[in-house]
Amino acid sequence: MPGTSNTIPQDIAAYLKTQEEKTLLRFITCGSVDDGKSTLIGRLLWDSKLIFEDQLATLQADSKRVGTQGGDIDYALLVDGLQAEREQGITIDVAYRFFSTDKRKFIVADTPGHEQYTRNMATGASTASLAIVMVDARKGVLTQTMRHSYLVSLLGITHVILAINKMDLVEYSQATYSTIKTSYEQFATNLNFQEVVCIPVSALRGDNIFHRSPHTDWFHGPTIMGHLETVDIQSDVSQKPFRMPVQWVNRPNLDFRGFSGTIASGQVRPGDIIVAPSSGKTSQVTRIVTYDGDLDSAETGQSVTLLLQDEIDISRGELLSAAQARPTTADQFEATIIWMHDGPLLPGRKYLLKAGTRTIPAQISELKYKVNVNTLEHLASKTLKLNEVGICNISLDHPISFDPYRDNRQTGAFILIDHYTNATIAAGVIDFALRRADNIHWQSVEIHKDARATLKGQKPFILWFTGLSGAGKSTVANMVEKKLHSLGRHTYLLDGDNVRHGLNRDLGFTDVDRVENIRRVAETAKLMVDAGLIVLVSFISPFRSEREMARMLVDEGEFLEVFIDTPLEICELRDVKGLYKKARAGQLKNFTGIDSPYERPDDAEITIEGATQTAEQATLTIVKALETQGLIPSS
Amino acid sequence: MTLSQSSLNSDCSKILKTKAFPKIMQAPSLTHLQQLEAESIHIFREVVAECQKPVMLYSIGKDSSVLLHLAHKAFYPSPLPFPLMHVDTTWKFREMIEFRTKMVNEHQLDLIVYTNPAGLEQGINPFIHGSALHTEIMKTDALKQALNKYQFDAAFGGARRDEEASRAKERILSFRTTTHRWDPKNQRPELWNIFNTRVRPGESMRAFPLSNWTELDVWQYIFQEKIPIVPLYLAKDRPVVERDGMLLMVDDDRFPLKEGETPQTRSVRFRTLGCYPLTGAIESTASTLSEVIQEMLVARTSERQGRLIDRDEVGSMEKKKQEGYF
Chain A
-12 MPGTSNTIPQ DIAAYLKTQE EKTLLRFITC GSVDDGKSTL IGRLLWDSKL
38 IFEDQLATLQ ADSKRVGTQG GDIDYALLVD GLQAEREQGI TIDVAYRFFS
88 TDKRKFIVAD TPGHEQYTRN MATGASTASL AIVMVDARKG VLTQTMRHSY
138 LVSLLGITHV ILAINKMDLV EYSQATYSTI KTSYEQFATN LNFQEVVCIP
188 VSALRGDNIF HRSPHTDWFH GPTIMGHLET VDIQSDVSQK PFRMPVQWVN
238 RPNLDFRGFS GTIASGQVRP GDIIVAPSSG KTSQVTRIVT YDGDLDSAET
288 GQSVTLLLQD EIDISRGELL SAAQARPTTA DQFEATIIWM HDGPLLPGRK
338 YLLKAGTRTI PAQISELKYK VNVNTLEHLA SKTLKLNEVG ICNISLDHPI
388 SFDPYRDNRQ TGAFILIDHY TNATIAAGVI DFALRRADNI HWQSVEIHKD
438 ARATLKGQKP FILWFTGLSG AGKSTVANMV EKKLHSLGRH TYLLDGDNVR
488 HGLNRDLGFT DVDRVENIRR VAETAKLMVD AGLIVLVSFI SPFRSEREMA
538 RMLVDEGEFL EVFIDTPLEI CELRDVKGLY KKARAGQLKN FTGIDSPYER
588 PDDAEITIEG ATQTAEQATL TIVKALETQG LIPSS
Chain B
1413 MTLSQSSLNS DCSKILKTKA FPKIMQAPSL THLQQLEAES IHIFREVVAE
1463 CQKPVMLYSI GKDSSVLLHL AHKAFYPSPL PFPLMHVDTT WKFREMIEFR
1513 TKMVNEHQLD LIVYTNPAGL EQGINPFIHG SALHTEIMKT DALKQALNKY
1563 QFDAAFGGAR RDEEASRAKE RILSFRTTTH RWDPKNQRPE LWNIFNTRVR
1613 PGESMRAFPL SNWTELDVWQ YIFQEKIPIV PLYLAKDRPV VERDGMLLMV
1663 DDDRFPLKEG ETPQTRSVRF RTLGCYPLTG AIESTASTLS EVIQEMLVAR
1713 TSERQGRLID RDEVGSMEKK KQEGYF
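In the order they appear, the protein sequences are chains A and B. What the first sequence shows, in this note's numbering, is residues -12 to 622, in sequence order. What the second sequence shows, in this note's numbering, is residues 1413 to 1738, in sequence order.
These are computed hints drawn from the structure, not numbers from a lab. Hints should not be assumed to be uniformly reliable.
Simulated pairs of lysine-lysine, DSBU-like, Cα-Cα distance not exceeding 35 angstroms [claimed, not checked]:
(1) B:Lys1561 with B:Lys1485
(2) B:Lys1648 with A:Lys90
(3) B:Lys1514 with A:Lys4
(4) B:Lys1597 with B:Lys1465
(5) A:Lys268 with B:Lys1485
(6) B:Lys1648 with A:Lys9
(7) B:Lys1638 with A:Lys90
(8) A:Lys372 with B:Lys1597
(9) A:Lys369 with B:Lys1597
(10) B:Lys1485 with A:Lys90
(11) A:Lys355 with B:Lys1597
(12) B:Lys1648 with A:Lys4
(13) B:Lys1465 with A:Lys513
(14) A:Lys436 with A:Lys513
(15) B:Lys1514 with A:Lys9
(16) B:Lys1638 with A:Lys9
(17) B:Lys1485 with A:Lys4
(18) A:Lys576 with B:Lys1597
(19) B:Lys1638 with A:Lys4
Chain B regions said to be covered by chain A (calculated; three or more residues, Cβ under 8 angstroms) [said to hold, decoys possible]:
(20) 1458 to 1470
(21) 1602 to 1611
(22) 1625 to 1635
These numbers were taken from a predicted model, which means no experiment stands behind them. Each residue gets a CB set at the ideal place from its N, CA and C atoms; glycine is no exception.
Generate coordinates for the entire structure from the input sequences, incorporating the hints supplied.
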C-alpha cells in the first residue's frame, strides 16, 4: 500500500538509510468553514498511522463530548488544537501538522475559512509550495473558494489540488465533479497557477485520500497522497540566480571573516563571482564553510557561511547575489500588501519594513487601490482595514536589494512592523521597483548643520509639546520661546493652528490626515534644526507613532518631548476656543479626547502637571531641564 | 515540469500556464533532515543577530541535545554567542546531571544553573506536594525568576509543534509579555522566514528552532549525526515501582515507598526526561539507538504520555503555557 509505514522494518539500518533520502513538502489546506479541511488533515494523519493510542483515546472522548459526527470519530478534533477552539467547533488560527510517508515528510498548515481570518491563510501560504483548495461537492465553487485561490496565487503558490469533498453526499456523481472542475478551471485562468489537479474525495470516508475509491471508477487521476508524494516543487528555485541575505557576520578571530546566511535561491560554488549590491563591489567565493567541513557547492535552502577573496564591506542585511544576475536596488517600489492588524493602514505613517534580514523605516507613499478579494475588482480607498488587500507604492529611508516576488518568493517578500507596538501589521510582496527612485539623488551641500549651529553659538534641537487641546501647550511654548529669545537663543515656534492655516491647509482631522499633518511638521522642524535653530513645536500630536517618527528624524539628543499633562476635565472646563462644547454637541468630528484617541507618552523627557503648575512654573521647569542637559548654557 | 510527468491522466489535470524551463541540470534536493536543520540554523542566527541578550534553555533531554548540536552548527567556527541555562528542580535523574556535567566540560559551555530559592527553602517535593504545585514553583516560577534575574530578551527552547495540540499553533518566535505570559489569541503572524524579533524592555521572545521537527525526525537526526544523549533513553535493567499505571524509577532514597511497594528490576527506558518522580518509564529491550527508533516506528503511544503534568486536566498544557511554562 503506497505511503504507509505500517510494516516493521527488519533491517533497521537499511531502513534508516532510505529515510534519510526523504524530501519535504509544505502545503496548505484552504476552504470554507465546514468544507472539511480539518477532517482531511485528520484523515491524512490517521491513514499515515500517526495517531497514537492515547491520542485516539482523547479523540474518542472528545468526539463524544464536542464532536460534530454524532459520537463517531471526528477527525477534525485532532487538528483543532486549542481548547477554546475545540469548544467552538471551528479552527481559528494557523495550525501546523506533520506526517510522513516512505517518500516524503509533509508539513501542513491548516488555515481557516472564515472571512476575517485572511491573514492566517496568507501566513500559511507564505511557506507552502502547494495548496489543497477544498470545495463541498454539494455547493461547488463559492465566493470563498475564489478568495482562497486568489490569496494562494498572490502568495506565489503555483501547484494546486482542487479537492472536491463530500462526494459521498452526491452519490459520487461524475457530472457534479465535472461541472465543479470546469467552473474552477475557468476562474483559475486569471491566476498564476502552473498546475491544477482536481480530485473527487470524501475526507470522512477516506475516498481517494490514500486509497483509490471503489465508488469513483470513472476517475483515473491520482489520489491526494499519490499527487502529494510525487509533485515536483524543487527545480524552480534552484535554477534561479544565486541570492543569500547575510544574517550574521561570523568573526571568531581576526583571520576569519565569514558571511552566514540561508541560500534563498540558486547555488554557489567556490570560484563564483558574487556582488554586494549596496556597494556594487564584487568578489570571489573562496570557501563554503560548515560545521561538517567545507562544501564543493551549496544549494537553495542550505544554511552556510561564505568566505570571500576580497575584504569588502558587507554587513547583516546585504543580499549577496550572483554578479552576472543582480537583484534590483531601489528605495521605492510598488507592492501588494495584506493588512493584518486591527488598526487601519495610515499612509504617511512611518512603519518598519523587514525584507530578508534587513529592517528599515518605510512609508506607504500612495495607496493606489484595494482589491475586492471575492471579485478581484479594484476599489478606490484611502486606507486598508484588517484582512484587506491593497496595491501601493512604498518608499524607504534607504535603498534595499530585492527581486520581484513573482521571480523570487524569498527575496521579494516583506513584513511591516508597527514602530511603537512592534506588532506585525502587514505582509507584502514586491511587484516592481519604481524607477523614479533612481532619479532623485541627494544634493550634497558643503555647509553642514554643525557649521550653521556654530555660527549661531548654540546647539539646535526640537522641543516637542504634546497634550490635549486646551492643555496649555501653546501658552507654555510661547513663554519658553520668549525666555530662550531673551537668553540670546535663535528659535522658531511651529504652532498647530498656525501651520494649519498655511502649509497644512489641505488637511482635515481624520487619522490619516493627522498623521500627514505631523509628518510635514516634523520634516519642517528637522530642516530648521538643520539650519541651526531651536525649534518649539506645539501640536496635539495624539499618536505615539508620529511623535516617535519625529524623534527619529533628528539625531539622538536633539529631540525632547514635553508632555503637558492636563486632565481632560480641566481642558474641557477651560475650553478657551469653545471647541469642546462643539465636539460634545456633535458639531465637531474627530476631536481628540472626545471621539478621537490621545495616546499618552510613556517616556517623555519632560512632563508638566498642567492641573497644578502655572505656565510660569512650567517654563522654569523646562528651561532648567534644558540647562541640566547642556542644551543651553546655565544662567 | 512537463505534461507527461505531472498528469497521470489528462482528464483530471490540466496545465494552465506552462513555463517551458529547459532543465539545465537536476539540482540535488535537500533531504527533509537537511531542510529542517537549515531552518533551525536560520532561526538561531536570526535571533542572535537581532536580540540583545539571548539564552538557550537546556533541559538535558534529547531535544536539548539536538538543539545544542544545531547551535554549534549555526555559529561554527565561532563559539556559542549565548549562555545555556538549566532550570534545575533538584529532582532530575542523577544520570541527567552527570550528562550535563560531561557536556559542559566537553564543549566548554557557559552554563547557568538556576533553582527557585523559595521553593528550595519550602522543600517543595513532588511526592508530597504533587506534580501541579511542584511544576508551578520549581519550573514555571523558577524560569520566570531566572529570566528576570538575567534580563534575557530571548530564550531558545526545544519545544516541537508535534508534542501537543496547543503547541501546533504556537509561533516559531513566540512573544511573551513582561509577565512572561503567552496569549494564543494575539500572536504575531509569521510569514516566510521573516521573523519579527522586536520587543520592548521587559518583554521577551521564546524561540523554538525545532518547531517543525517530529519525534521521529529528532531520533533520526541523533542517529545520523551521532549526537550524544543521556543513557536513560536506552533500555537497561532499572529499579522501578508501578504506581497509578506509571512505571516510576527509584532514582534515589528520596523516593517514598508505600506500604507493600518494593522496587522491581525491569528493563525499561524513557521517551522523555524530566523530574524522576513525574516521568514514567516504558518497558523495553531497545538498548541501542536503532532499536529505539525501531520501537518508535511501531509505537502506539505518544511521547508526552509519560509525563504526568499534561494529564492533570484537559487542556492543561495550554493553561501552563499561558502562565509561562515553556
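Evaluation of the provided hints:
1. For a cut-off of 35 angstroms, the pair hint linking Lys1561 (chain B) to Lys1485 (chain B) stands: about 29 angstroms separates their Cα positions.
2. For a cut-off of 35 angstroms, the pair hint linking Lys1648 (chain B) to Lys90 (chain A) stands: about 34 angstroms separates their Cα positions.
3. Taking the CA atoms of Lys1514 (chain B) and Lys4 (chain A), the gap is near 30 angstroms; set against the 35 angstroms cutoff, the hint holds.
4. Of the pairs offered as hints, the one joining Lys1597 (chain B) and Lys1465 (chain B) holds, with about 27 angstroms between alpha carbons and a cut-off of 35 angstroms not exceeded.
5. Distance check on the hinted pair: Lys268 (chain A) and Lys1485 (chain B) sit about 29 angstroms apart at the alpha-carbon level, within 35 angstroms; holds.
6. Restraint check for Lys1648 (chain B) and Lys9 (chain A): satisfied, since their Cα atoms lie roughly 32 angstroms apart, inside the 35 angstroms limit.
7. Restraint check for Lys1638 (chain B) and Lys90 (chain A): satisfied, since their Cα atoms lie roughly 23 angstroms apart, inside the 35 angstroms limit.
8. Taking the CA atoms of Lys372 (chain A) and Lys1597 (chain B), the gap is near 19 angstroms; set against the 35 angstroms cutoff, the hint holds.
9. The straight-line distance between the Cα atoms of Lys369 (chain A) and Lys1597 (chain B) is roughly 29 angstroms, inside the 35 angstroms bound, and the hint therefore holds.
10. Only pairs whose Cα atoms come within 35 angstroms are accepted, and Lys1485 (chain B) paired with Lys90 (chain A) is accepted, the gap being roughly 27 angstroms.
11. Between Lys355 (chain A) and Lys1597 (chain B) the alpha-carbon distance is near 32 angstroms, which keeps this suggested pair within the 35 angstroms criterion.
12. Between Lys1648 (chain B) and Lys4 (chain A) the CA atoms are separated by roughly 26 angstroms; this keeps the pair inside 35 angstroms, and the hint holds.
13. Proximity of Lys1465 (chain B) to Lys513 (chain A) is assessed by CA-CA distance (about 34 angstroms); at most 35 angstroms being required, the pair is judged to hold.
14. Our distance criterion of 35 angstroms between C-alpha atoms is met by Lys436 (chain A) and Lys513 (chain A), whose separation comes to about 11 angstroms.
15. Taken as a hint, the Lys1514 (chain B) and Lys9 (chain A) pair is honoured in the structure, with Cα atoms around 34 angstroms apart against an allowance of 35 angstroms.
16. Between the alpha carbons of Lys1638 (chain B) and Lys9 (chain A) the distance comes to roughly 19 angstroms, so the proposed pair stays at or under 35 angstroms and holds.
17. Taking the CA atoms of Lys1485 (chain B) and Lys4 (chain A), the gap is about 22 angstroms. The hint holds against a cut of 35 angstroms.
18. For the hint linking Lys576 (chain A) to Lys1597 (chain B), the alpha-carbon distance of about 33 angstroms falls within 35 angstroms, and the restraint holds.
19. With a C-alpha separation of about 14 angstroms, the suggested pair Lys1638 (chain B) and Lys4 (chain A) falls inside the 35 angstroms cut-off, and the hint holds.
20. Requiring three or more residues with a Cβ within less than 8 angstroms of a Cβ of chain A, the coverage given for the segment 1458 to 1470 of chain B holds, as 3 such residues are present.
21. Coverage of the segment 1602 to 1611 of chain B by chain A holds in this model, with 8 residues showing a Cβ closer than 8 angstroms to a Cβ of that chain against a need of three.
22. Coverage of the segment 1625 to 1635 of chain B by chain A holds in this model, with 5 residues showing a Cβ closer than 8 angstroms to a Cβ of that chain against a need of three.
In this structure, every one of the numbered hints holds.
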